[in-house]
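J.: Below, each chain spelled out in residue letters.
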Amino acid sequence: MALLEVRDLSLGYDSHTIIEGLNFSVNAGDHLCIVGENGAGKSTLMKTLLHLKEPMGGQILYGDGLSRNEVGYLPQQTPVQRDFPASVYEIVLSGNQGRCGWRPFYSKEDRTRALEAMERLGITELKKRCYRELSGGQQQRVLLARALCATRRLLLLDEPVSGLDPKVTVEMYELIAELNKSGITIIAITHDILAALRYASHILHIGEEVFFGTRDEYAASDEGQYFLKKRGGPA
Amino acid sequence: MIEKLQLYLEIPFVRYALIVGVLIALCSSLLGVTLVLKRFSFIGDGLSHVAFGAMAIAAVLNLSNDMLLVMPLTILCAVLLLRTGQHTVIKGDAAIAMLSVGALGFGYLIMNIFSTSSNLSGDVCTTLFGSMSILTLRPAEVRLCIIFSILVVIVFVLFYNKMFAVTFDEDFSRASGMKVGLYNLIIAVVTAVIIVLAMNLVGSLLISALVIFPALSAMRLFKNFLSVTICSVVLSVFCAFTGIVISILAGTPVGSTIVAMDAGVFFICWIIGRVKGGK
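Listed in order, the protein sequences are those of chains A and B. Last residue of the first sequence: 235 (my numbering), numbering continuous. Last residue of the second sequence: 279 (my numbering), numbering continuous.
Any given hint could be a false lead.
[Stated by the list, open to error] In silico DSSO-like cross-links for lysine-lysine, where the CA-CA straight-line distance does not exceed 30 angstroms:
#1 A:Lys108 - A:Lys127
#2 B:Lys38 - B:Lys276
#3 A:Lys128 - A:Lys108
#4 A:Lys108 - A:Lys53
#5 B:Lys276 - A:Lys108
#6 A:Lys229 - B:Lys276
#7 A:Lys53 - B:Lys223
#8 A:Lys167 - A:Lys128
#9 B:Lys223 - A:Lys167
#10 A:Lys229 - B:Lys179
#11 B:Lys4 - B:Lys223
#12 A:Lys53 - B:Lys38
#13 A:Lys127 - B:Lys4
#14 B:Lys38 - A:Lys167
#15 A:Lys108 - A:Lys167
#16 A:Lys127 - B:Lys38
#17 B:Lys223 - A:Lys108
#18 A:Lys108 - A:Lys181
#19 A:Lys127 - B:Lys276
#20 A:Lys181 - A:Lys167
#21 B:Lys223 - B:Lys179
#22 B:Lys4 - A:Lys53
#23 B:Lys38 - B:Lys179
#24 A:Lys127 - A:Lys53
#25 B:Lys4 - A:Lys128
#26 B:Lys38 - B:Lys4
#27 B:Lys38 - A:Lys128
FYI, nobody ran anything at the bench for these hints, they're computed from the structure. Just so you know, these numbers come straight off a predicted model, no measurement behind them.
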């Protein structure tokens with residue numbers, strides 16, 4: 001079965017429903033981009049997929065033997081983190097906590113895994129640097145490395161490029177595409193439909209009209225056409 | 001002056017005061033960093049007022065060991081505050097303000113109505129500012145303080161990595177399957193224990209200073225979590241020790257002397273941080 005399957009999901013908060021009857025599935029190796037207007041419920045959907053919020057109805061099924069603590073999450077930055085005194089290594093290492101359970105200290109394997117993740121994202125030389133002094137792009141890489149410590153299979157990214165300058169944005173997209181090629185399934189929220197059409201294998205558009213399908217199907221659909229015209233031409 | 005100090009150090013209750021003071025300073029600074037970063041510093045303040053109310057009840061009931069009442073009551077309030085604080089920030093804020101001011105008011109009222117003591121304002125002042133009560137510690141209280149301090153340190157060491165993860169990013173921790181609610185609960189309970197312990201030293205109004213100052217000072221100087229934690233413990237213990245010694249030699253109130261030391265050290269650290277960091 002699929003890695004993740006969503007059946008008839010309803011989302012909302014305080015008895016106010018935003019989305020109803022949402023169905024989609026993600027297979028191993030997919031790169032799904034979730035697009036939609038502000039307030040359409042993208043972040044709520046992601047929080048629900050992560051079990052941070054209870055769905056109002058419907059089911060989220062993890063398949064292929066994927067367990068709850070095998071999911072890597074790249075959240076949007078919080079104000080607390082901006083003046084947090086922590087080194088890059090401390091933060092990346094904390095990504096292993098999900099597997100630690102009651103074990104109080106990190107094992108040798110956890111440390112190796114953290115170093116590998118940092119190597120992979122090219123931030124090894126930042127190991128001892130203070131997180132709050134890094135640039136936005138470097139901070140995102142640190143958080144992505146932490147997410148890689150938590151998973152080898154499924155990454156959920158909440159607006160991975162928000163607040164980054166254009167050059168760093170492209171680098172970030174390439175990095176995510178590379179991770180996807182190495183076999184990690186990706187589910188990402190993005191505002192940038194052109195980037196979604198370029199990198200994603202599947203697209204989920206939520207809002208008044210819901211669309212789920214492959215990239216090419218989306219480009220040919222009404223929603224896709226509408227946005228492509230508005231943004232000034234195809235990618 | 002050194003001879004005078006030596007003379008004092010031979011007196012048992014001065015030694016008790018130093019032992020208890022250093023242990024309390026150590027414990028309170030351990031959690032300080034987490035509390036400041038989690039924006040929980042106000043919970044410490046609220047709990048200290050609750051502890052004052054509980055202390056008033058204990059005083060009226062004439063309990064031989066008031067910690068037996070104060071400790072559970074404060075822990076209970078810590079748990080309650082955390083529960084309300086989890087949903088919305090504003091509701092949590094208001095709940096803390098309500099509980100703390102309420103406890104303060106009722107505590108003083110109870111003391112006023114039921115107290116048999118001839119020196120009421122002296123009693124109240126002692127509870128609020130710690131005054132010299134630390135110099136009247138009995139061996140049983142010292143033992144209790146040592147036991148709780150050891151427990152706090154053990155819990156802190158065992159949960160250090162988890163507290164770091166939960167403090168840095170609650171959502172990520174919860175998404176990766178950590179029991180975030182449980183760890184928040186542990187933080188709240190340990191905070192309550194520390195506050196009750198620290199009440200003996202600096203009184204309920206000055207406790208927040210003991211929790212917050214060392215953490216903020218250390219954050220000016222260091223840039224990773226472990227160094228900040230260690231530095232805040234060192235600063236806190238240093239301030240408590242010298243503060244107690246100064247207060248003995250100069251006859252000043254213990255609690256406020258320690259807090260003045262903490263504030264002074266913070267000022268120095270702030271200047272060093274400015275000069276070094278350039279911002």
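J.: So, for every hint listed, does it hold in this structure?
T.: Hints and how they fare:
Distance hint between A:Lys108 and A:Lys127 is fulfilled; the C-alpha atoms sit about 17 angstroms from each other, no more than 30 angstroms. For the given pair, B:Lys38 sits about 26 angstroms from B:Lys276 by alpha-carbon distance, which is consistent with the 30 angstroms threshold. Among the hinted pairs, A:Lys128 with A:Lys108 is consistent with the structure: their alpha-carbon atoms are about 18 angstroms apart, no more than 30 angstroms. For the proposed pair A:Lys108 and A:Lys53, the alpha carbon gap of about 33 angstroms is over 30 angstroms, so the pair is violated.
This hinted pair does not check out: B:Lys276 and A:Lys108 have alpha carbons roughly 35 angstroms apart, beyond 30 angstroms. Of the supplied pair hints, the one linking A:Lys229 and B:Lys276 is violated, its CA atoms being roughly 53 angstroms apart against a limit of 30 angstroms. Between A:Lys53 and B:Lys223, the direct Cα distance comes to roughly 33 angstroms. Violation of the 30 angstroms bound is thereby established for this hinted pair. Simply put, A:Lys167 and A:Lys128 have alpha-carbon atoms about 25 angstroms apart, close enough for the 30 angstroms limit, and the pair holds.
With a C-alpha separation of about 28 angstroms, the suggested pairing of B:Lys223 with A:Lys167 holds against the 30 angstroms cut-off. Between A:Lys229 and B:Lys179, the direct Cα distance comes to roughly 47 angstroms. Violation of the 30 angstroms bound is thereby established for this hinted pair. For the suggested pair B:Lys4 and B:Lys223, the alpha carbons sit about 41 angstroms apart, so the restraint of at most 30 angstroms is broken. The suggested pairing of A:Lys53 with B:Lys38 holds, with an alpha-carbon distance near 21 angstroms, which does not exceed 30 angstroms.
Between A:Lys127 and B:Lys4, the direct Cα distance comes to roughly 51 angstroms. Violation of the 30 angstroms bound is thereby established for this hinted pair. For a cut-off of 30 angstroms, the pair hint linking B:Lys38 to A:Lys167 is broken: about 33 angstroms separates their Cα positions. Of the pairs offered as hints, the one joining A:Lys108 and A:Lys167 is violated, with about 36 angstroms between alpha carbons and a cut-off of 30 angstroms exceeded. At roughly 24 angstroms between alpha-carbon atoms, A:Lys127 and B:Lys38 fall within 30 angstroms of each other, so this suggested pair holds.
As the CA atoms of B:Lys223 and A:Lys108 are separated by approximately 24 angstroms, the hinted pair is consistent with the 30 angstroms bound. A threshold of 30 angstroms between alpha carbons decides the hint, and for A:Lys108 with A:Lys181 the separation of about 28 angstroms falls inside it, so the pair holds. Only pairs whose Cα atoms come within 30 angstroms are accepted, and A:Lys127 paired with B:Lys276 is accepted, the gap being roughly 21 angstroms. For the proposed pair A:Lys181 and A:Lys167, the alpha carbon gap of about 21 angstroms is at most 30 angstroms, so the pair holds.
Restraint check for B:Lys223 and B:Lys179: satisfied, since their Cα atoms lie roughly 27 angstroms apart, inside the 30 angstroms limit. The suggested pairing of B:Lys4 with A:Lys53 is violated, with an alpha-carbon distance near 64 angstroms, which exceeds 30 angstroms. For a cut-off of 30 angstroms, the pair hint linking B:Lys38 to B:Lys179 stands: about 17 angstroms separates their Cα positions. For the hint pairing A:Lys127 with A:Lys53, the CA-to-CA distance comes to about 33 angstroms; that exceeds 30 angstroms, so the pair is violated.
This hinted pair does not check out: B:Lys4 and A:Lys128 have alpha carbons roughly 47 angstroms apart, beyond 30 angstroms. Distance restraint check for B:Lys38 and B:Lys4: the Cα-Cα separation of roughly 44 angstroms exceeds the 30 angstroms cut-off, and the hinted pair is therefore not satisfied. Distance restraint check for B:Lys38 and A:Lys128: the Cα-Cα separation of roughly 23 angstroms lies within the 30 angstroms cut-off, and the hinted pair is therefore satisfied.
In terms of the numbered hints stated before, the structure departs from hints 4, 5, 6, 7, 10, 11, 13, 14, 15, 22, 24, 25 and 26, listed from lowest to highest.
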